[in-house]
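One line per chain: the protein sequences are E and S, in this order. Just so we're aligned: the first sequence equals residues 11 to 122 in my numbering. Just so we're aligned: the second sequence equals residues 153 to 262 in my numbering.
If you're looking for bench data, these hints aren't it; they were derived computationally from the structure. Because the structure is a prediction, the values reported are computed rather than measured. You may find that some hints are simply not true.
Okay, the calculated beta carbon distance ranges per label pair [unchecked claim]:
| no. | chain 1 | residue 1 | chain 2 | residue 2 | range |
| --- | --- | --- | --- | --- | --- |
| 1 | S | Phe170 | E | Thr17 | 38 to 48 Å |
| 2 | S | Glu219 | E | Asn108 | 18 to 28 Å |
| 3 | S | Glu219 | E | Lys24 | 42 to 52 Å |
| 4 | E | Asn75 | S | Tyr243 | 17 to 27 Å |
The following residues of chain S were derived to be distant from chain E, with all beta-carbon distances above 10 Å [said to hold, decoys possible]:
| no. | residue |
| --- | --- |
| 5 | Gly168 |
| 6 | Glu169 |
| 7 | Ile171 |
| 8 | Asn174 |
| 9 | Ser203 |
| 10 | Lys207 |
| 11 | Thr214 |
| 12 | Asn216 |
| 13 | Ser223 |
| 14 | Ile226 |
| 15 | Ala240 |
| 16 | Phe252 |
| 17 | Val260 |
Ideal Cβ positions, reconstructed from N, Cα and C, are used throughout, including at glycine.
Residues per chain, in single letters:
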Amino acid sequence: NAGVTQTPKFQVLKTGQSMTLQCAQDMNHEYMSWYRQDPGMGLRLIHYSVGAGITDQGEVPNGYNVSRSTTEDFPLRLLSAAPSQTSVYFCASSWALNQPQHFGDGTRLSIL
Amino acid sequence: KNEVEQSPQNLTAQEGEFITINCSYSVGISALHWLQQHPGGGIVSLFMLSSGKKKHGRLIATINIQEKHSSLHITASHPRDSAVYICAVNYGGATNKLIFGTGTLLAVQP
Chain E
11 NAGVTQTPKF QVLKTGQSMT LQCAQDMNHE YMSWYRQDPG MGLRLIHYSV GAGITDQGEV
71 PNGYNVSRST TEDFPLRLLS AAPSQTSVYF CASSWALNQP QHFGDGTRLS IL
Chain S
153 KNEVEQSPQN LTAQEGEFIT INCSYSVGIS ALHWLQQHPG GGIVSLFMLS SGKKKHGRLI
213 ATINIQEKHS SLHITASHPR DSAVYICAVN YGGATNKLIF GTGTLLAVQP
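Put together the whole structure using the sequences plus the hints.
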């Protein structure tokens with residue numbers, strides 16, 4: 011069972027570089043979300059999607075872009091990486107509202 | 153002030169002890185989640201509840217809607233229970249957005 015798959019697991023970028031964090035789920039879930047986890051803070055929502063073609067901003071969307079062209083995939087793009095974006099990023103999915111979310115293993119991202 | 157408050161922030165217990173972790177939130181919710189995160193690891197959903205009590209093995213989760221409070225209990229704790237336990241709430245609406253507490257770091261010593 012693959013569940014939610016995130017790639018890469020680790021990445022180091024230089025300030026100003028762009029990159030895409032990949033997230034794929036094989037459970038046919040409609041709801042997908044991206045979170046970042048920083049020391050001393052709870053996970054914070056970056057962007058979310060309630061279905062293919064529908065995305066919206068979360069709590070901390072600045073500097074990130076998303077798209078949802080298929081049910082399975084929900085990539086997160088860093089447009090111009092900044093040191094403040096150093097964090098652990100988690101993708102999650104659920105099949106409906108108020109249902110448990112399934113999390114990927116995370117991507118540890120460092121911006122130098 | 154975080155909308156979701158957990159206590160304690162850190163907890164050390166001896167193997168076999170009964171453990172309680174608390175979560176308080178500020179306004180009405182549609183659901184509350186308890187999650188587990190092992191060091192350096194991913195996040196696993198333990199419970200989702202909107203009322204009453206749920207039990208899975210040695211884990212019990214309760215929620216009091218009137219008091220806006222939930223507890224996670226671990227009976228007969230074991231070193232493998234060592235992890236961060238995170239409380240998160242759904243405030244409703246059509247988005248499934250979660251607001252997370254900062255977590256409780258539990259260490260169970262043999």
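Tell me, in ascending order, the numbers of any earlier hints that this structure violates.
Numbers 15, 16 - these are the hints that the structure violates, sorted from lowest upward.
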